[in-house]
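Take the sequences, apply the hints, and build the full model.
Protein chains in written order, with our numbering: chain A, 1 to 297; chain B, 298 to 536.
Quick caveat, the hints were computed from the structure, so don't treat them as lab data. Heads up, a few of these hints could be off.
Covered stretches of chain B (in silico footprint by chain A; criterion: 3 or more residues with CB under 8 Å from a CB of chain A, positions within the stretch not fixed) [unchecked claim]:
{"hint": "1", "segment": "398 to 412"}
{"hint": "2", "segment": "418 to 425"}
{"hint": "3", "segment": "526 to 533"}
The list that follows gives simulated cross-link-like pairs (lysine to any residue, SDA-like), each with its CA atoms no further than 20 Å apart [said to hold, decoys possible]:
{"hint": "4", "chain 1": "A", "residue 1": "Lys213", "chain 2": "A", "residue 2": "Pro64"}
{"hint": "5", "chain 1": "A", "residue 1": "Lys166", "chain 2": "B", "residue 2": "Asp482"}
{"hint": "6", "chain 1": "B", "residue 1": "Lys499", "chain 2": "B", "residue 2": "Arg526"}
{"hint": "7", "chain 1": "A", "residue 1": "Lys166", "chain 2": "B", "residue 2": "His402"}
{"hint": "8", "chain 1": "A", "residue 1": "Lys216", "chain 2": "A", "residue 2": "Thr286"}
{"hint": "9", "chain 1": "B", "residue 1": "Lys431", "chain 2": "A", "residue 2": "Thr165"}
{"hint": "10", "chain 1": "A", "residue 1": "Lys166", "chain 2": "B", "residue 2": "Lys499"}
{"hint": "11", "chain 1": "A", "residue 1": "Lys166", "chain 2": "B", "residue 2": "Arg403"}
{"hint": "12", "chain 1": "A", "residue 1": "Lys213", "chain 2": "A", "residue 2": "Ile149"}
{"hint": "13", "chain 1": "A", "residue 1": "Lys166", "chain 2": "B", "residue 2": "Glu371"}
{"hint": "14", "chain 1": "B", "residue 1": "Lys431", "chain 2": "A", "residue 2": "Asp177"}
{"hint": "15", "chain 1": "A", "residue 1": "Lys166", "chain 2": "B", "residue 2": "Tyr388"}
Derived DEER-like restraints, expressed as beta-carbon distance ranges [unchecked claim]:
{"hint": "16", "chain 1": "A", "residue 1": "Leu98", "chain 2": "B", "residue 2": "Glu519", "range": "50 to 60 Å"}
{"hint": "17", "chain 1": "A", "residue 1": "Asp91", "chain 2": "B", "residue 2": "Gly533", "range": "37 to 47 Å"}
{"hint": "18", "chain 1": "A", "residue 1": "Ser96", "chain 2": "B", "residue 2": "Gly533", "range": "40 to 50 Å"}
{"hint": "19", "chain 1": "A", "residue 1": "Asp91", "chain 2": "B", "residue 2": "Thr513", "range": "43 to 53 Å"}
Note that the Cβ used here is the ideal one computed from N, Cα and C, for glycine as well.
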Amino acid sequence: MNASVLFQQLINGMSLGSLYALLAIGYTMVYGILRFINFAHSDIFMVGAYSAFFFIAVFRLPWPLAAAFAVALTALVGMTIDRAAYRPVRDAPRISALITAVGVSSFIENLGLVTVGARPKAFESPGFMSQVFHIGSVAVTGVAVWVPIITVLLLAIMMYIVYRTKIGMAMRAVSTDIEATRLMGVDVDRVISYTFALGSALAAAGGILWACKYPKITPLMGVYPGWKAFTAAVVGGIGSIPGAMIGGFIIGLVEVLTVAISPNLSGYRDGVIFLVLVVFLLVRPTGILGETLKEKV
Amino acid sequence: MSILKVRDLNVHYGGIHALKGVSLDVPEGTIVTLIGANGAGKTTTLRAITGLARASSGSIEFRGRDISSVSPHEIVRLGISMAAEGRRIFYNLTVLENLMMGAYHRQDTEEVKKDLEWISGVLFPRLRERFSQKGGTLSGGEQQMLAVGRALMSRPKLLCLDEPSLGLAPLLVQEVFRVLSEIHDEGCTILLVEQNAKAALKIADYGYVLRGGTITMHGTGEELLADERVRKAYLGEGE
Ligand SMILES: Nc1ncnc2c1ncn2[C@@H]1O[C@H](COP(=O)(O)OP(=O)(O)O)[C@@H](O)[C@H]1O
Ligand SMILES: [Mg+2]
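What follows is the structure, given as structure tokens:
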């Protein structure tokens, strides 16, 4: 592999990693607060892509507007899932929430299959995504360039909300100690609702960008990206937002480079990712940025 | 005038009957203390008052309103705040953020600034020096000050404290009690739960002794301090 191919693969890896990062944040935020894996999060990703598809194909909205509406609508769907499915089991043992999440995920996927059908739909991406850039001797597609750029912007907005605003401060407080946060006069259910909205908005953006990269969308399109993003969250240290971002980029790069270095491994690309997960769970179960700081007694 | 009236309060944890008909009064502007051995039900009483534990029967009246079924965050807004057992500070938030969490629901930004000034400048100057440090990096004593300071940031009408001197070196215990009198002088009503019965009764206007989920004795701080049974059981004085 020569330098220009490597460079091209690095860009591809960053672009795939961006998508995992966008999706991983929702897993890590919900886990950080409620200590369960929101399996339906991968379906939220799919809902984001389909919403954009319908806003573009059916309502013929201009692309930026369609994307913005899709993100907002998906955020609402995420909040609704929390409200309808997870809030009723908030005080039940963790396992109940986990089982509920599996149920919600299965429900959304099957609802998708029934309503929009299993046949892939062709997603119309905007022109700038298919533009080709020449960097030296390397040619890269617009998607590979724009996806990481848009992702970094979105992550910056998300970081601003979480680390610089009042509601973000409450989100971080809730993730340390729900009861203590209640004692501060905070309506914790509302904070959790906003957390779902934020995580779902990022997942929707991820789903839309994914559809630009792989323009055939199906109701099960979220399943594999979901597992990989979840892996990214674990590798980064579940519960840690910066960890989920780093984990996302690592998983994206590992996946792309595995195939680049040894093309006959391409059939095993998913297997390699899960191998990374298993190795991480064995060697460093808390992940890269997992919580190590504990309260002093 | 009692700001808080608890009447015949019962609390169960599953099959455990933790509070068996507790009644107590906290008159406005006073310090009332609740003492008792480990497991007597002191924390449960405060948890019921702040809405974290649900009463199975009985009433909790705060400024004339029954709050026994009001949610915890609404109770804070009504004017009760608590520095809970075990400090419970947000270790991943900075000291300043911890304090601002205490004022989360307040809209009066200017007054919040004044309170922050008072709490971090006058009451606990050590906190001011550590504003940008994570809460988890503070020493035990500093965390306790932060917990009390944070509870004060809501500018409560009634401040509940659950064993604020627990695990502190004697000098810090003195400091905590000095601060409590200072807060009291500012007009704040205090309900103080303590295992340090002597210090608590000295500072308190009135005290209740809780045992096995029942109030077994009550009286002014001086009366309880002088009582033979209290001295034996809670002040560590043999016969
Ligand atoms: N979450 C709980 N679940 C079950 N029992 C509890 C719980 N919390 C407290 N208890 C029981 O209730 C009683 C009173 O406890 P507590 O209010 O913590 O006492 P104190 O604060 O005076 O030490 C004890 O017997 C304790 O074991
Ligand atoms: Mg206790």
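Structure-based check of all given hints:
For the segment 398 to 412 of chain B, the stated coverage by chain A is satisfied: 4 residues place a CB nearer than 8 Å to a CB of that chain, which reaches the threshold of 3. Look at the segment 418 to 425 of chain B against chain A: 0 of its residues bring a Cβ nearer than 8 Å to a Cβ of that chain, fewer than three, so the hint is violated. Here's how the segment 526 to 533 of chain B fares: 0 of its residues keep a CB closer than 8 Å to some CB of chain A, so the rule of at least three is not met and the hint is violated. Taking the CA atoms of A/Lys213 and A/Pro64, the gap is near 16 Å; set against the 20 Å cutoff, the hint holds.
Distance restraint check for A/Lys166 and B/Asp482: the Cα-Cα separation of roughly 32 Å exceeds the 20 Å cut-off, and the hinted pair is therefore not satisfied. A hinted pair counts as satisfied when its Cα atoms are at most 20 Å apart, and B/Lys499 with B/Arg526 qualifies at roughly 17 Å. Between A/Lys166 and B/His402 the alpha-carbon distance is near 10 Å, which keeps this suggested pair within the 20 Å criterion. Taking the CA atoms of A/Lys216 and A/Thr286, the gap is about 36 Å. The hint is violated against a cut of 20 Å.
The hinted pair formed by B/Lys431 and A/Thr165 meets the criterion: a straight-line CA distance of about 17 Å does not exceed 20 Å. With a C-alpha separation of about 40 Å, the suggested pair A/Lys166 and B/Lys499 falls outside the 20 Å cut-off, and the hint is violated. This hinted pair checks out: A/Lys166 and B/Arg403 have alpha carbons roughly 12 Å apart, not beyond 20 Å. Distance restraint check for A/Lys213 and A/Ile149: the Cα-Cα separation of roughly 14 Å lies within the 20 Å cut-off, and the hinted pair is therefore satisfied.
For the proposed pair A/Lys166 and B/Glu371, the alpha carbon gap of about 18 Å is at most 20 Å, so the pair holds. With a C-alpha separation of about 15 Å, the suggested pairing of B/Lys431 with A/Asp177 holds against the 20 Å cut-off. Of the pairs offered as hints, the one joining A/Lys166 and B/Tyr388 holds, with about 17 Å between alpha carbons and a cut-off of 20 Å not exceeded. About 56 Å separates the C-beta atoms of A/Leu98 and B/Glu519, a value consistent with the hinted range of 50 to 60 Å.
For the pair A/Asp91 and B/Gly533, the supplied restraint of 37 to 47 Å holds, since their beta-carbon distance comes to about 40 Å. One distance hint, 40 to 50 Å for the beta-carbon pair A/Ser96 and B/Gly533, holds here, with the actual separation near 46 Å. In this structure the hint that A/Asp91 and B/Thr513 lie 43 to 53 Å apart at CB is violated, the actual value being about 33 Å.
Of the hints listed earlier, those the structure fails to meet are numbers 2, 3, 5, 8, 10, 19, in rising order.
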